Amino acid sequence: MSAYFLHLAILGGIYIILAVSLNLIVGYAGQVSLGHAAFYGIGAYASALTALLWQFPFPLAALSAVLVSGGCGLALGLPTLRLKEDYLAIVTLGFGVIVDMVFLNLELTGGPDGLPGIPPPRILGMSFRPPVLYLLLTLLAVVLTLTLTHRLVHSYHGRALRAIRDHEVTAKVMGINTPAYKVAIFTLAAALAGLAGSLYAHYITFINPESFGLHTSILALCMVVLGGMGSLPGAVVGALALTVLPEMLRQFKAYQDLIYGGLLVALLIWRPEGLLGRGKLSLKFLQRQ
Amino acid sequence: MFLQQLLNGLTAGAVYALIALGYTMIYGILGLINFAQGEIYMCGAFVTVLLLGTGQVNFFVAFAAGMAAAALLGVALERVAFRPLRGFHPLVPLISAIGASIFLQSLALLLFGPNDRPFPIQFNFSTITIAGLPLSSLQGAILAAALGFMALLVVFVRYTRYGKAIVACALDRDTARLMGVNVDRMVALTFFIGSALSGAAGIMMAIYYNATYPRMGLLPGLKAFSAAILGGVGSIPGAILGGLLLGVAESLGAAYVSSGYKDAIAFAILILVLLFRPQGILKGRGD
Amino acid sequence: MLTLKSVQAGYGRLTVLKGISLHVRPGEVVTLIGGNGAGKSTTLRAISGLLPPARGVVEFNGADLTRLPPERIVALGLALVPEGRRVFASLSVTANLELGAFHRQDQKQVRRDLEEIRERFPLLKERASQAAGTLSGGEQQILAICRALMSRPRLLMLDEPSMGLAPRMVSRVYQILRELKDEGTTLLLIEQNARAALKLADRGYVLETGRIILDGSAAELRDDPEVQRAYLGKGYREVWE
Ligand SMILES: Nc1ncnc2c1ncn2[C@@H]1O[C@H](COP(=O)(O)OP(=O)(O)OP(=O)(O)O)[C@@H](O)[C@H]1O
Ligand SMILES: [Mg+2]
Numbered sequence: 000m001s002a003y004f005l006h007l008a009i010l011g012g013i014y015i016i017l018a019v020s021l022n023l024i025v026g027y028a029g030q031v032s033l034g035h036a037a038f039y040g041i042g043a044y045a046s047a048l049t050a051l052l053w054q055f056p057f058p059l060a061a062l063s064a065v066l067v068s069g070g071c072g073l074a075l076g077l078p079t080l081r082l083k084e085d086y087l088a089i090v091t092l093g094f095g096v097i098v099d100m101v102f103l104n105l106e107l108t109g110g111p112d113g114l115p116g117i118p119p120p121r122i123l124g125m126s127f128r129p130p131v132l133y134l135l136l137t138l139l140a141v142v143l144t145l146t147l148t149h150r151l152v153h154s155y156h157g158r159a160l161r162a163i164r165d166h167e168v169t170a171k172v173m174g175i176n177t178p179a180y181k182v183a184i185f186t187l188a189a190a191l192a193g194l195a196g197s198l199y200a201h202y203i204t205f206i207n208p209e210s211f212g213l214h215t216s217i218l219a220l221c222m223v224v225l226g227g228m229g230s231l232p233g234a235v236v237g238a239l240a241l242t243v244l245p246e247m248l249r250q251f252k253a254y255q256d257l258i259y260g261g262l263l264v265a266l267l268i269w270r271p272e273g274l275l276g277r278g279k280l281s282l283k284f285l286q287r288q
Numbered sequence: 000m001f002l003q004q005l006l007n008g009l010t011a012g013a014v015y016a017l018i019a020l021g022y023t024m025i026y027g028i029l030g031l032i033n034f035a036q037g038e039i040y041m042c043g044a045f046v047t048v049l050l051l052g053t054g055q056v057n058f059f060v061a062f063a064a065g066m067a068a069a070a071l072l073g074v075a076l077e078r079v080a081f082r083p084l085r086g087f088h089p090l091v092p093l094i095s096a097i098g099a100s101i102f103l104q105s106l107a108l109l110l111f112g113p114n115d116r117p118f119p120i121q122f123n124f125s126t127i128t129i130a131g132l133p134l135s136s137l138q139g140a141i142l143a144a145a146l147g148f149m150a151l152l153v154v155f156v157r158y159t160r161y162g163k164a165i166v167a168c169a170l171d172r173d174t175a176r177l178m179g180v181n182v183d184r185m186v187a188l189t190f191f192i193g194s195a196l197s198g199a200a201g202i203m204m205a206i207y208y209n210a211t212y213p214r215m216g217l218l219p220g221l222k223a224f225s226a227a228i229l230g231g232v233g234s235i236p237g238a239i240l241g242g243l244l245l246g247v248a249e250s251l252g253a254a255y256v257s258s259g260y261k262d263a264i265a266f267a268i269l270i271l272v273l274l275f276r277p278q279g280i281l282k283g284r285g286d
Numbered sequence: 000m001l002t003l004k005s006v007q008a009g010y011g012r013l014t015v016l017k018g019i020s021l022h023v024r025p026g027e028v029v030t031l032i033g034g035n036g037a038g039k040s041t042t043l044r045a046i047s048g049l050l051p052p053a054r055g056v057v058e059f060n061g062a063d064l065t066r067l068p069p070e071r072i073v074a075l076g077l078a079l080v081p082e083g084r085r086v087f088a089s090l091s092v093t094a095n096l097e098l099g100a101f102h103r104q105d106q107k108q109v110r111r112d113l114e115e116i117r118e119r120f121p122l123l124k125e126r127a128s129q130a131a132g133t134l135s136g137g138e139q140q141i142l143a144i145c146r147a148l149m150s151r152p153r154l155l156m157l158d159e160p161s162m163g164l165a166p167r168m169v170s171r172v173y174q175i176l177r178e179l180k181d182e183g184t185t186l187l188l189i190e191q192n193a194r195a196a197l198k199l200a201d202r203g204y205v206l207e208t209g210r211i212i213l214d215g216s217a218a219e220l221r222d223d224p225e226v227q228r229a230y231l232g233k234g235y236r237e238v239w240e
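As they're listed, the protein sequences go chains A, Z and S. With numbering that gives the first Met the number 0, letter number 51 in the first sequence gets 50, and the count goes up by one each step, no holes. With numbering that gives the first Met the number 0, letter number 91 in the second sequence gets 90, and the count goes up by one each step, no holes. With numbering that gives the first Met the number 0, letter number 130 in the third sequence gets 129, and the count goes up by one each step, no holes.
Honestly, the hints are just simulated from the structure, not real lab data. Some hints could be false.
Here are the in silico distance ranges between beta carbons for each label pair [unchecked claim]:
{"no.": "1", "chain 1": "Z", "residue 1": "G86", "chain 2": "S", "residue 2": "R54", "range": "21 to 29 Å"}
{"no.": "2", "chain 1": "Z", "residue 1": "A150", "chain 2": "S", "residue 2": "T133", "range": "20 to 28 Å"}
{"no.": "3", "chain 1": "A", "residue 1": "H6", "chain 2": "Z", "residue 2": "F1", "range": "43 to 51 Å"}
{"no.": "4", "chain 1": "S", "residue 1": "R24", "chain 2": "A", "residue 2": "K171", "range": "45 to 53 Å"}
{"no.": "5", "chain 1": "A", "residue 1": "A74", "chain 2": "Z", "residue 2": "Y255", "range": "51 to 59 Å"}
{"no.": "6", "chain 1": "S", "residue 1": "M162", "chain 2": "Z", "residue 2": "F155", "range": "32 to 40 Å"}
{"no.": "7", "chain 1": "S", "residue 1": "G136", "chain 2": "Z", "residue 2": "Y158", "range": "23 to 31 Å"}
{"no.": "8", "chain 1": "Z", "residue 1": "Y158", "chain 2": "S", "residue 2": "D105", "range": "17 to 25 Å"}
{"no.": "9", "chain 1": "Z", "residue 1": "N123", "chain 2": "A", "residue 2": "A74", "range": "47 to 55 Å"}
{"no.": "10", "chain 1": "Z", "residue 1": "S136", "chain 2": "A", "residue 2": "P111", "range": "35 to 43 Å"}
{"no.": "11", "chain 1": "S", "residue 1": "R119", "chain 2": "Z", "residue 2": "Y158", "range": "38 to 46 Å"}
Now the stretches of chain Z that chain A is said to cover, found in silico as 3 or more residues with beta-carbon under 8 Å [to be verified]:
{"no.": "12", "segment": "86–100"}
{"no.": "13", "segment": "220–228"}
A short list of chain S residues far from chain Z (calculated; beta carbon distances all over 10 Å) [stated by the list, open to error]:
{"no.": "14", "residue": "T2"}
{"no.": "15", "residue": "L13"}
{"no.": "16", "residue": "L21"}
{"no.": "17", "residue": "E70"}
{"no.": "18", "residue": "E125"}
{"no.": "19", "residue": "G163"}
{"no.": "20", "residue": "S170"}
{"no.": "21", "residue": "R171"}
{"no.": "22", "residue": "K198"}
{"no.": "23", "residue": "L199"}
{"no.": "24", "residue": "G209"}
{"no.": "25", "residue": "E219"}
{"no.": "26", "residue": "D223"}
{"no.": "27", "residue": "R228"}
Just so it is clear, the structure is predicted and the values come from calculations on it, not from any experiment. Note that beta-carbon positions come from the ideal geometry of N, C-alpha and C, so glycine has one too.
Construct the complete structure from the given sequences, taking the supplied hints into account.
As structure tokens, this is what we get:
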């Protein structure tokens, strides 16, 4: 396997976790987050800082990333998830801007220069610096994430979530505590994004605010919409496609955001169910009401 | 000092209010937030700056052209990104509008580059000192123009046939249609007016901060949205009041609390309002 | 004047109207009666264009309305007073009336009509600048009727104008309808209050689960044992006199 392929595979794995977690918010809570990259970034910084300042071993650093990101998700979700979709989109956009501002201004986070020298993972004396091993570690996290979300989505709670998404009022009447569900799913999604951030930080070993801005949030949203909102395999395929395609289309790098923006509009008009969505009939929330 | 900050806040706030009016009117009639409002604001500024840059165009003509371009962009946006998706789950037009916003922003980046452009003409604005308070006539002019636009809008909505028809659509779309009101046209008209106001706001800020750049709409868009929520989304007086209050709070906060996080103040207010009074100060839709 | 030929309409996969045929001649008052959920409102929505028929034809003075949007239909002279009045609550009484004439181009005549209607209903003049939502239910119904009249309709359709009103207001509303009838206005009146409707109407249709099961002159329907049992039966409180 070439080093380049390994690199893409690792990034693809990280993006799968990011897209799957955002897909929980979009596809199961029926909300849009434009600050998903902020949770990703919070995870990356939390993991890097605990490893750099207190020499936390990787599993502990990753755990703190999950907890800190999840905590931020909870704090942001509590006041806002009772409200309409649009509100959350703008609140999370604002949250992304603020988090970016904090990363840039704080001394702790190294400002615009970021944090260099993040140690690669070392578990039980074994270093995961070689890309093959790092890929294994990433795959482990991916499998963990997919198992967790798959089981959640197909559980009683998953059905409740779908009910909320499709018919919020009916769900409320049926006695489902919709705000609690939304907050829970949002927190979980933020925590998973934190995990992705931790994996990213210890792989690249250098982070700065640039990787966690609005651009990355939009990229994640594109992955979800491309694959199909509410479809787990869709999120995986969307993540892989948008990891590989930009690499193949390097010469169009300047047009990347233009393409992503246009892609979102075009997809929703021509194929709102995405590539792998199960067609218009099964996805009630994509139908005209 | 305090009065100076108050005046600074009112100036910025009046501009936020203009953008907030666009959010609130569109929300009133469609029940949706137009996510690309900040890009419409940017478009107005760019068109005016580019026209003035040629040195051939009178300031007022360039101003009007900027507003017109913003208005047309708003109407086009509604046709492309909103209308085909009407009737879907609100998530769908929302994401489409986000896509449109990113598209426009990166288009501007490709066309004009990332750097600030200064405003092409210099005004000889004097600073008058009244009772020890230095009053810039630039601020005075911006404040007056913004308030003038707001007054025009209120008169339009209250006293004209089309204004009332827009309100009727916001209140009860089906019944408005029974009266012979063409809802599609009223939605387009709402986008036209709301976007023209945002365009005017963009031009004024381009003069005030002497900077025009592709991402200039992001923060004012966020702040104006907070202002609209603060006042009560869907309420025109609410948007005006919310904008002014937010501008003042931001200016005083930056002066007396922390200037490094000036831009975060609007966001903090947004979260507080959502927590304690999500319906806004003046609750309302369609008035 | 108005003709429906085997009109079918529904919501999504649910077919509510299963082939309705009826007609209204100029100057007539025709009533459509039926119980809850029979499809009366749906019929009016289909005629007015709010719910385009899936099958069948709606014709008005020779024009095919079947595919026209409501804003075009009202311009042809067909006005609807919707179920539940639906006045624009936060707009003033006068603004409501003006909106009724929205499609008209003859602004001068609109002004005159507005004056005339305010003379005729002093209530609308006294409360001119008050928000319509602050009127009582009966007053709102009168406003809704006048708003429809402001469009100068050739045929006025009313969906349960007596619904939810106090007996005194019901008789007031029906008094207005009788005046309109005497002036020669063509009416298509929908009611659950069959007794009041049949007293005013020239002819009537009985609608049951999306089908017309009976039609005839108002007198015939009043005397029909089936109608008497189902719609005018004993225990049915007389609210009209
Ligand atoms: N918007 C809608 N969506 C789905 N079904 C509807 C809708 N409106 C009405 N229906 C159904 O269509 C049927 C007929 O309704 P309609 O309103 O025409 O009855 P109606 O005769 O006017 O009754 P009422 O006297 O109660 O006003 C009912 O079974 C109702 O449940
Ligand atoms: Mg009905």
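Checked hints:
no., hint, verdict
1, Z:G86 / S:R54: 21 to 29 Å, "holds (22 Å)"
2, Z:A150 / S:T133: 20 to 28 Å, "holds (27 Å)"
3, A:H6 / Z:F1: 43 to 51 Å, "violated (57 Å)"
4, S:R24 / A:K171: 45 to 53 Å, "holds (50 Å)"
5, A:A74 / Z:Y255: 51 to 59 Å, "violated (26 Å)"
6, S:M162 / Z:F155: 32 to 40 Å, "holds (36 Å)"
7, S:G136 / Z:Y158: 23 to 31 Å, "holds (29 Å)"
8, Z:Y158 / S:D105: 17 to 25 Å, "holds (20 Å)"
9, Z:N123 / A:A74: 47 to 55 Å, "holds (50 Å)"
10, Z:S136 / A:P111: 35 to 43 Å, "holds (38 Å)"
11, S:R119 / Z:Y158: 38 to 46 Å, "violated (25 Å)"
12, 86–100, "holds (count 14)"
13, 220–228, "holds (count 4)"
14, T2, "holds (21 Å)"
15, L13, "holds (17 Å)"
16, L21, "holds (20 Å)"
17, E70, "violated (5 Å)"
18, E125, "holds (21 Å)"
19, G163, "holds (17 Å)"
20, S170, "holds (26 Å)"
21, R171, "holds (22 Å)"
22, K198, "holds (27 Å)"
23, L199, "holds (23 Å)"
24, G209, "holds (21 Å)"
25, E219, "holds (32 Å)"
26, D223, "holds (33 Å)"
27, R228, "holds (35 Å)"
Violated hints for the displayed structure, listed by number in ascending order: 3, 5, 11 and 17.
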